Each structure stands twice: as C-alpha cells, then as structure tokens.
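**Q** Residues per chain are reported as follows:
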Amino acid sequence: DGGITQSPKYLFRKEGQNVTLSCEQNLNHDAMYWYRQDPGQGLRLIYYSQIVNDFQKGDIAEGYSVSREKKESFPLTVTSAQKNPTAFYLCASQTGLGTEAFFGQGTRLTVV
Amino acid sequence: QKEVEQDPGPLSVPEGAIVSLNCTYSNSAFQYFMWYRQYSRKGPELLMYTYSSGNKEDGRFTAQVDKSSKYISLFIRDSQPSDSATYLCAMGNQGGKLIFGQGTELSVKP
Numbered sequence: 001d002g003g004i005t006q007s008p009k010y011l012f013r014k015e016g017q018n019v020t021l022s023c024e025q026n027l028n029h030d031a032m033y034w035y036r037q038d039p040g041q042g043l044r045l046i047y048y049s050q051i052v053n054d055f056q057k058g059d060i061a062e063g064y065s066v067s068r069e070k071k072e073s074f075p076l077t078v079t080s081a082q083k084n085p086t087a088f089y090l091c092a093s094q095t096g097l098g099t100e101a102f103f104g105q106g107t108r109l110t111v112v
Numbered sequence: 001q002k003e004v005e006q007d008p009g010p011l012s013v014p015e016g017a018i019v020s021l022n023c024t025y026s027n028s029a030f031q032y033f034m035w036y037r038q039y040s041r042k043g044p045e046l047l048m049y050t051y052s053s054g055n056k057e058d059g060r061f062t063a064q065v066d067k068s069s070k071y072i073s074l075f076i077r078d079s080q081p082s083d084s085a086t087y088l089c090a091m092g093n094q095g096g097k098l099i100f101g102q103g104t105e106l107s108v109k110p
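Chains as they are written, first to last, in the numbering used here: chain A, 1 to 112; chain B, 1 to 110.
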C-alpha cells in the first residue's frame, strides 16, 4: 500500500534529550513537510523540503532540525533547545508544490 | 493578521442538517485550496482539492471557492454522527508552501 508512515506513534522524552521522529513515504513525492499541532490550534509549519538534500525553515523552526538524504525519508529531530516540545507532530508529502498533500498518522511527543 | 482565518467553533448540529464551514484568506496569490477532516489523535485526511473558483461536489460534500472575495466554503449535506471531527482548510500557490486554517470542530448529534 502506498502511503506515509510516521513512527513511533507515541514518544516520551526526558528534559534535555534530543529525539528523532521518523517519516517515510513510498508515494514517490518530491515535497515533504513537518507540522506541529497543539490543542485548539491549527497546523504550524516547522520545516519543508522540495527536493533531496534541500530544505527550508517554516514558521517555527527554532529547536528543530531535519535532513533529506533520500526522497522517501524526512526525519525530524527535536533538540533540547526546543523549550516546549510536547505536541502532536504531523508529516505530509506532495507530488510537488501546488498538488494535494497527504498526511501520516502523527507522532505524539510528551516530555516527562 | 493571519493569512488564513477559520472559525474554530465548536459547531454542534443535529443529524441530517446541512453544515457550512468557512475560511477567509488575505493572500490573493493562493491558487489551490483543500479541505481536510481530522479525527481525534489521527492525521488529517484529504476531502476536497480545488484549483479554481467555483464549486466541486463529491457525494455529500461540496467545496466552493470565491477568489474575488477570498472566501472558501465546505458544505456537508445530510450530516451524520460519523462526520464529527475537526475540519481544516488549506491553501497555497505554485512554488509556495501550504498554509492551514485553525480548524473547525464539528459535532453532529444523533
């Protein structure tokens, strides 16, 4: 089945630790995104990538990092510099900018 | 001012009602528009994609775009309890990133 797979579904992080969220797609899409969703708020863009080995900061990139070494994969690292990382993280992909975007099922990150 | 404004609700309607969900936007460069449905603790699911002004229908759902007014709507006919979810509008232009509304929480009561 084609789709976007995010893992893990739930993730717990201790204060001061870096954690990496996985996003893999087998849709052959060029563009990939990471969003953060907090209760009662919409989706806020963290980073996006239009092509392998290239990515751009979104509106709330501070405290996050990404890589795009393969077309299929766009992992997100939440660093210790992110002051309030507890949130629901969503990965999405598009064939190209201007086309439909499809989402994974999300990763819920909790700081303990 | 946000680029995309969406009433967060919550919106509560009886089963069978017609539901109207709306977004306004400020960027006249937006060319394509989407509506997503998101159930609690799940990823958003694409419902409708439109590229121009006018209406697009898919079953009980109709998406309407009015570029002159910078206003888009999603209508749900014969609403069902299973339609209870948060509905997100999204829009963008060629070469630009997607911008999302805040989402409207809808509850359809049996």
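Derived from the structure by calculation, the hints contain no laboratory data. Given the structure is predicted, the values throughout are model-derived calculations rather than measurements. Errors might be hidden in some of the hints.
[To be verified] Residues of chain A placed beyond 10 Å of chain B at every Cβ, according to the derived structure:
| hint | residue |
| --- | --- |
| 1 | 8 |
| 2 | 19 |
| 3 | 20 |
| 4 | 22 |
| 5 | 24 |
| 6 | 28 |
| 7 | 52 |
| 8 | 61 |
| 9 | 67 |
| 10 | 71 |
| 11 | 73 |
| 12 | 79 |
| 13 | 94 |
| 14 | 100 |
| 15 | 108 |
[As the list claims (entries may be wrong)] Covered stretches of chain B (in silico footprint by chain A; criterion: 3 or more residues with CB under 8 Å from a CB of chain A, positions within the stretch not fixed):
| hint | segment |
| --- | --- |
| 16 | 26 to 38 |
| 17 | 44 to 51 |
[Claimed, not checked] Think about it this way: if two alpha-carbon atoms lie no more than 20 Å apart in a straight line, the pair counts; the simulated DMTMM-like pairs of lysine to aspartate or glutamate are:
| hint | chain 1 | residue 1 | chain 2 | residue 2 |
| --- | --- | --- | --- | --- |
| 18 | B | 56 | B | 15 |
| 19 | A | 71 | A | 54 |
| 20 | B | 2 | A | 30 |
| 21 | B | 97 | A | 62 |
| 22 | B | 97 | A | 72 |
| 23 | B | 42 | A | 69 |
| 24 | A | 57 | B | 66 |
| 25 | A | 57 | A | 15 |
| 26 | A | 57 | A | 69 |
| 27 | B | 56 | B | 66 |
| 28 | B | 67 | A | 72 |
| 29 | A | 83 | A | 30 |
| 30 | A | 9 | A | 72 |
| 31 | B | 56 | A | 100 |
| 32 | B | 97 | A | 15 |
| 33 | B | 2 | B | 66 |
| 34 | B | 42 | A | 62 |
| 35 | B | 67 | B | 105 |
| 36 | B | 42 | A | 100 |
| 37 | B | 2 | A | 69 |
| 38 | B | 97 | A | 30 |
| 39 | A | 9 | A | 30 |
| 40 | B | 70 | B | 7 |
We put the beta carbon where it would ideally sit given N, CA and C, even for glycine.
**Q** Compare the structure with each hint and give your call.
**A** Okay, the hints, checked on the actual structure:
No beta-carbon of chain B comes within 10 Å of the beta-carbon of residue 8/A; the shortest separation is about 14 Å. Every C-beta of chain B lies more than 10 Å from that of residue 19/A, the closest at about 19 Å, which supports listing it as non-interface. No Cβ of chain B comes within 10 Å of the Cβ of residue 20/A; the nearest lies about 19 Å off, and the non-interface call holds. Its beta-carbon lying about 14 Å from the closest one in chain B, residue 22/A satisfies the requirement of being farther than 10 Å from that chain.
Against chain B, the non-interface label of residue 24/A holds: every CB pair exceeds 10 Å, the least being about 14 Å. With a cut of 10 Å on Cβ distances, residue 28/A stays outside the contact zone with chain B, its closest approach being about 17 Å. Every CB of chain B is more than 10 Å from the CB of residue 52/A (nearest about 18 Å), matching its label as outside the interface. Residue 61/A, annotated as away from the interface, keeps every beta carbon of chain B farther than 10 Å; the closest lies near 12 Å.
With a minimum CB-CB distance of about 18 Å to chain B, residue 67/A clears the 10 Å threshold, and the non-interface call stands. Distance to chain B confirms residue 71/A as a non-interface residue, since its nearest Cβ pair spans about 18 Å, more than 10 Å. Against chain B, the non-interface label of residue 73/A holds: every CB pair exceeds 10 Å, the least being about 17 Å. Residue 79/A, annotated as away from the interface, keeps every beta carbon of chain B farther than 10 Å; the closest lies near 22 Å.
Distance check for residue 94/A against chain B: the nearest CB is about 8 Å away, which does not clear 10 Å, and the non-interface claim fails. A beta-carbon of chain B comes within 10 Å of the beta-carbon of residue 100/A; the shortest separation is about 5 Å. Residue placement check: residue 108/A does not keep its beta carbon more than 10 Å from all beta carbons of chain B (closest about 7 Å). Residues of the segment 26 to 38 of chain B lying with their CB closer than 8 Å to a CB of chain A number 4, which satisfies the three-residue condition for coverage.
For the segment 44 to 51 of chain B, the stated coverage by chain A is satisfied: 4 residues place a CB nearer than 8 Å to a CB of that chain, which reaches the threshold of 3. For the suggested pair residue 56/B and residue 15/B, the alpha carbons sit about 23 Å apart, so the restraint of at most 20 Å is broken. For a cut-off of 20 Å, the pair hint linking residue 71/A to residue 54/A stands: about 11 Å separates their Cα positions. Restraint check for residue 2/B and residue 30/A: not satisfied, since their Cα atoms lie roughly 28 Å apart, outside the 20 Å limit.
Restraint check for residue 97/B and residue 62/A: the C-alpha separation of about 18 Å stays at or below 20 Å, so the hint holds. A threshold of 20 Å between alpha carbons decides the hint, and for residue 97/B with residue 72/A the separation of about 19 Å falls inside it, so the pair holds. With a C-alpha separation of about 27 Å, the suggested pair residue 42/B and residue 69/A falls outside the 20 Å cut-off, and the hint is violated. Between residue 57/A and residue 66/B the CA atoms are separated by roughly 30 Å; this puts the pair beyond 20 Å, and the hint is violated.
Between residue 57/A and residue 15/A the alpha-carbon distance is near 24 Å, which puts this suggested pair outside the 20 Å criterion. For the suggested pair residue 57/A and residue 69/A, the alpha carbons sit about 17 Å apart, so the restraint of at most 20 Å is met. Between residue 56/B and residue 66/B, the direct Cα distance comes to roughly 12 Å. Compliance with the 20 Å bound is thereby established for this hinted pair. The suggested pairing of residue 67/B with residue 72/A is violated, with an alpha-carbon distance near 35 Å, which exceeds 20 Å.
A hinted pair counts as satisfied when its Cα atoms are at most 20 Å apart, and residue 83/A with residue 30/A does not qualify at roughly 31 Å. For the hint linking residue 9/A to residue 72/A, the alpha-carbon distance of about 19 Å falls within 20 Å, and the restraint holds. A C-alpha spacing of about 15 Å is found between residue 56/B and residue 100/A, which places the hinted pair at or below 20 Å, so the restraint holds. For the hint linking residue 97/B to residue 15/A, the alpha-carbon distance of about 32 Å lies beyond 20 Å, and the restraint is violated.
At most 20 Å may separate the alpha-carbon atoms for a hinted pair to count; residue 2/B and residue 66/B meet this at roughly 19 Å. Distance check on the hinted pair: residue 42/B and residue 62/A sit about 25 Å apart at the alpha-carbon level, beyond 20 Å; violated. For the proposed pair residue 67/B and residue 105/B, the alpha carbon gap of about 25 Å is over 20 Å, so the pair is violated. Our distance criterion of 20 Å between C-alpha atoms is met by residue 42/B and residue 100/A, whose separation comes to about 18 Å.
Note on residue 2/B and residue 69/A: the hinted pairing is violated, with a Cα-Cα distance of about 33 Å set against a maximum of 20 Å. For the hint linking residue 97/B to residue 30/A, the alpha-carbon distance of about 13 Å falls within 20 Å, and the restraint holds. Of the supplied pair hints, the one linking residue 9/A and residue 30/A is violated, its CA atoms being roughly 24 Å apart against a limit of 20 Å. The suggested pairing of residue 70/B with residue 7/B holds, with an alpha-carbon distance near 15 Å, which does not exceed 20 Å.
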